[in-house]
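K.L.:
All chains should be modelled from the sequences, with the hints used to inform the complete structure.
The sequence shown begins at 263 in this note's numbering and counts up one residue at a time.
Keep in mind that the hints were calculated from the coordinates and are not lab data. There's no promise every hint is true.
With a cut-off of at most 27 Å between alpha-carbon atoms, the simulated DSSO-like pairs for lysine-lysine come out as follows [claimed, not checked]:
#1 K497 x K512
#2 K368 x K510
#3 K345 x K290
#4 K510 x K484
#5 K316 x K356
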Amino acid sequence: MTGTIRAGIGGWTYEPWRGGPFYPDDLKQKDELKYASRHVTSIEINGTYYSTFKPNSWQKWHAETPDDFVFSVKASRYCTNRKVLSENNDSLEKFLSQGLEALGAKLGAINWQFMATKKFDPVDFEGFLKLLPKEIGGRPARHALEVRSPTFATQEFYDLAAQYGAAIVYAEDDEEPTWPCIDQPTADFTYARLMSSRESEPTGMTSDDLDAIAKRAQAWAKRGDVYAYFIAGAKVRNPAAAMALIEKLK
263 MTGTIRAGIG GWTYEPWRGG PFYPDDLKQK DELKYASRHV TSIEINGTYY STFKPNSWQK
323 WHAETPDDFV FSVKASRYCT NRKVLSENND SLEKFLSQGL EALGAKLGAI NWQFMATKKF
383 DPVDFEGFLK LLPKEIGGRP ARHALEVRSP TFATQEFYDL AAQYGAAIVY AEDDEEPTWP
443 CIDQPTADFT YARLMSSRES EPTGMTSDDL DAIAKRAQAW AKRGDVYAYF IAGAKVRNPA
503 AAMALIEKLK
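P.N.:
Okay, here's the thing in structure tokens:
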């Protein structure tokens, strides 16, 4: 069964997007999520990496977006930037209890991002994976692991992620050649963060580059849903890149 491919951006509040590059001149800031969610098919909420939000914020985000829209959520840095990952019950509880369940069916995956200084330790990492909830709000939870140390490019890590049904984030960044670019089928979905957009390209990437991404996404979809986000790089171009990819996938 072929999964659904969703293409989107990180966040929706960004000053350089206003006044033409993405948001129209006359668009009110309070309407930016409504606008963005009708032009891309998913958004990674990344403000959650730095702080928590009140339940009414999650309810508002759910209400402002189309029925078939999906959010992914970047987990709090306090959950992942730790010497011993399994010793973070309080941080995990604080992050998970802020209201994610209010998104209901619009909750996609949670992206757990680790710093490049965090090296693979199988005991430490399995202790962390055991803490992750299997459900959120009565729905199956999807967890994605974004690792940045080359020590994770090992079959032992792939097998561990697969054991717990966690996706390994496919992270592509031209400016960080030491980060591992891992494409392994460890879950029933794929999570990609595409960080190589260029300001010199109106759509962030050339048509050929976007064709290659579309082809890869279609291959991923053969094994389940796909979340593909244009993140960082030339951020001003990322909405155009996501919209161009959506067009190529039609």
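K.L.:
Now, for every hint given, state plainly whether the structure supports it.
P.N.:
Against the structure, the hints:
1. K497 x K512: 24 Å, holds
2. K368 x K510: Within the cut-off at roughly 24 Å; holds.
3. K345 x K290: 43 Å, violated
4. K510 x K484: Holds: K510 and K484 sit about 17 Å apart, inside 27 Å.
5. K316 x K356: 11 Å, holds
In summary, the one numbered hint that this structure violates is 3.
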